[in-house]
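Chains as they are written, first to last, in our numbering: chain A, 1 to 291; chain B, 1 to 296.
FYI, nobody ran anything at the bench for these hints, they're computed from the structure.
Values in this document were obtained by computation on a predicted structure and should not be read as measured data.
Cβ coordinates follow ideal geometry from the N, Cα and C atoms, glycine included.
Honestly, I wouldn't trust all of these hints.
Said to hold, decoys possible - Covered stretches of chain B (chain A as the covering partner; in silico rule of three or more C-beta atoms under 8 Å from a C-beta of chain A): (1) 24-37; (2) 98-107.
Unchecked claim - Each pair of labels, with its calculated beta carbon distance range: (3) A171/B <-> K272/A: 27 to 35 Å; (4) L103/A <-> L257/B: 44 to 52 Å; (5) V169/B <-> Q285/A: 55 to 63 Å; (6) E8/B <-> F282/A: 36 to 44 Å; (7) M1/A <-> M284/B: 29 to 37 Å; (8) P167/B <-> R24/A: 51 to 59 Å; (9) G95/B <-> G137/A: 19 to 27 Å; (10) Y254/B <-> R93/A: 18 to 26 Å; (11) E144/B <-> R24/A: 31 to 39 Å; (12) F282/A <-> C190/B: 42 to 50 Å.
Claimed, not checked - Some chain A residues flagged as far from chain B (calculated, every beta-carbon gap over 12 Å): (13) E78; (14) R94; (15) L108.
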Amino acid sequence: MEVDIRITKDILSKSEIFHKQPERLVTPGDVITTDTGFMRGHGTYMEDDKLHASVAGIVERVNKLICVQPLKTRYNGEVGDVVVGRITEVGQRRWKVDTNSRLDSALLLSSVNLPGGELRRKTTEDELMMRQYLSEGDLISAEVQAVYHDGTLSLHTRSLKYGKLMQGTLVRVSSSLIKRRKTHFHNLPCGAGVILGNNGYIWISSTVNEEMDNTGGFVQDLNPVSLADREVIARLRTCIQGLAGERMMLYDTSILYAYEASLLHTVKDLLKPEVMAEVVSFTSQQLESAL
Amino acid sequence: MADILLSEAEKTFIVHGVQDDLRVDGRSCTDYRHFRLETDVVSSANGSARVRLGKTDVLVGVKADITVPAWKTPDQGGLQFFVDCSANAAPEFEGRGGEDMARDISSTLARAYSSAKCQKMLKSLCLIPRVHCWVLYIDILILECGGNLYDAASVAVKAALYNTKIPVVTASSTDGDKPELELSDDPYDCRRLDVLSIPCVVTISKIGYGHVVDASMEEEACCLATLITAVTADGNLTAVKKSKGGSLHPESIYEMLETCQQVGMKVHAVLMEKLREEEEHQQMAMGSQHKAKGFL
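Could you build all of it, start to finish, from the sequences and the hints given here?
Put into structure tokens, the structure is as follows:
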């Protein structure tokens, strides 16, 4: 039975995490350059022969392309990204999925695998059975297939590793904190599986057994998760939220370092802000030294 | 409260976790989330407090006014609760959507404070029986809704009442029938309220076969029935209210009420200790530049 109340003087006044200073931080309207030889990318606009930033963020330059990566934004999809989304609507031959973007994404009936892995054209019976497969509230992992002209994403789950997600917990962070890597499905050595969706939705569950569980979410496993696994999941959840709170990039290495640093404390203690701050600063030091 | 969507598997995960006494974020079933408390944030009110519990943010202001005592209680002052669920807190509070929740919270608090336990404090608010008494207008503003509004609001109300400074009033010579009231000239000449006997609300939710204190938004979406109880510092219950559509077995009700009493006593003990600590700290910092962190 723990009741923890903090008053102002108990709160740490300033974060002690060392962040590398970004080279160019701009705000909307700032002039990036007056040189006209550059191509303008996302987050910029041209006015009076000068290149201005339209969002608040960090300037990135790749050869002749200048773009501004915003610090806080809704998820803008790219083709090939792995996302974790929640079904909000079941429509005619499509599901509407909430992926933390400006518009709900669309998951077409033709882009999902049928139970048993059959490859055939979907009929009207399949249309009527849509709700039995995915209904409102279900979580799925999917890949972005295409981006429509208005920004809506079209998703697909045409691989056995994608599909409905089973028992676990969802953590929401800003999409700019997820580092783009080769794979977003990780089976961490501590005993949990993590899906780092590019849209900022992170799914933590117990270890996914590669051969058995890649069934695309057709087999519902509602057996209770063991206590040890549960503790790992709770610990990971708190670590990820702590890292996100300090705006540190999230990828498998940083999450693992944070997990290892958190093993010194009990799961309950991790919820205290000063303990979490200690874990995050230790993680950032380890990441700096690893570079 | 906002209805968030959860999949069946997520709900199963939460329910099994409650049975194993290890919730999704690692807390046990009787643990509260981390509270952040600050008093004296609104300078124009007689007393104020701001409480942050997880994602829930509540601001309370107390203003005192002199009025005629009610017929039924001529020797007691009054308490009036006003709750405002601002549209910032949750999308469904937009327009008049928050009125139902606001009415529920204010009526529960009014009932909790109307018990015999709080009469001592109310009697101290009386100036002249049947003629003048203090009435405290307690305004509760819900800034952000992250689950468990009742508990956060009641802790904030208790903290604000602890912080309330009521001006000292003397009755001068009677001019005809009505005695005239005179406020003291010194703006710092005030008296404080005795808040030891006022209750705190503990909300307990039944999830699966177990029950949890301080449910988060996801846990609230899985719970069948909730008991909202008002507990005093010595473990007495002043109000009990059941909400949500599920049914409760009498034995479960008994267990849940016992848990509420124990948790409530702990909340009171920790809260009073922290309020005293904060007051000492504020008094020590009175000379130096005291920067309040509640609002800019």
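Outcome of the hint check:
Given as covered by chain A, the region 24-37 of chain B passes the check, having 13 residues with a CB less than 8 Å from a CB of that chain where 3 are the minimum. Check on the region 98-107 of chain B: 0 of its residues sit with their Cβ under 8 Å from a Cβ of chain A, so the three-residue criterion for coverage is violated. For A171/B and K272/A, the Cβ-Cβ distance of about 51 Å falls outside the hinted range of 27 to 35 Å, so the restraint is violated. Between L103/A and L257/B the beta carbons are some 48 Å apart, a value that agrees with the proposed interval 44 to 52 Å.
Range check, V169/B to Q285/A: about 60 Å between beta-carbon atoms, so the 55 to 63 Å window is met. Between E8/B and F282/A the beta carbon distance is about 38 Å. The supplied range of 36 to 44 Å therefore holds. The beta-carbon spacing between M1/A and M284/B, approximately 31 Å, falls within the hinted interval of 29 to 37 Å. A beta carbon spacing of about 57 Å between P167/B and R24/A agrees with the range 51 to 59 Å that was offered as a hint.
Distance hint check: the CB atoms of G95/B and G137/A are about 26 Å apart, consistent with the given range 19 to 27 Å. The supplied range of 18 to 26 Å is broken by Y254/B and R93/A, whose beta-carbon atoms lie about 53 Å from each other. Checked against the given bound of 31 to 39 Å, the beta carbons of E144/B and R24/A, roughly 34 Å apart, stay inside it. Between F282/A and C190/B the beta carbon distance is about 48 Å. The supplied range of 42 to 50 Å therefore holds.
Interface exclusion of E78/A from chain B stands, the closest Cβ pair being 26 Å apart, more than 12 Å. With a least CB separation of 18 Å from chain B, R94/A remains clear of the 12 Å interface cut-off, as annotated. Every Cβ of chain B is farther than 12 Å from the Cβ of L108/A; the closest lies at roughly 20 Å, confirming the non-interface assignment.
When each numbered hint is compared with the structure, violations occur for hints 2, 3 and 10.
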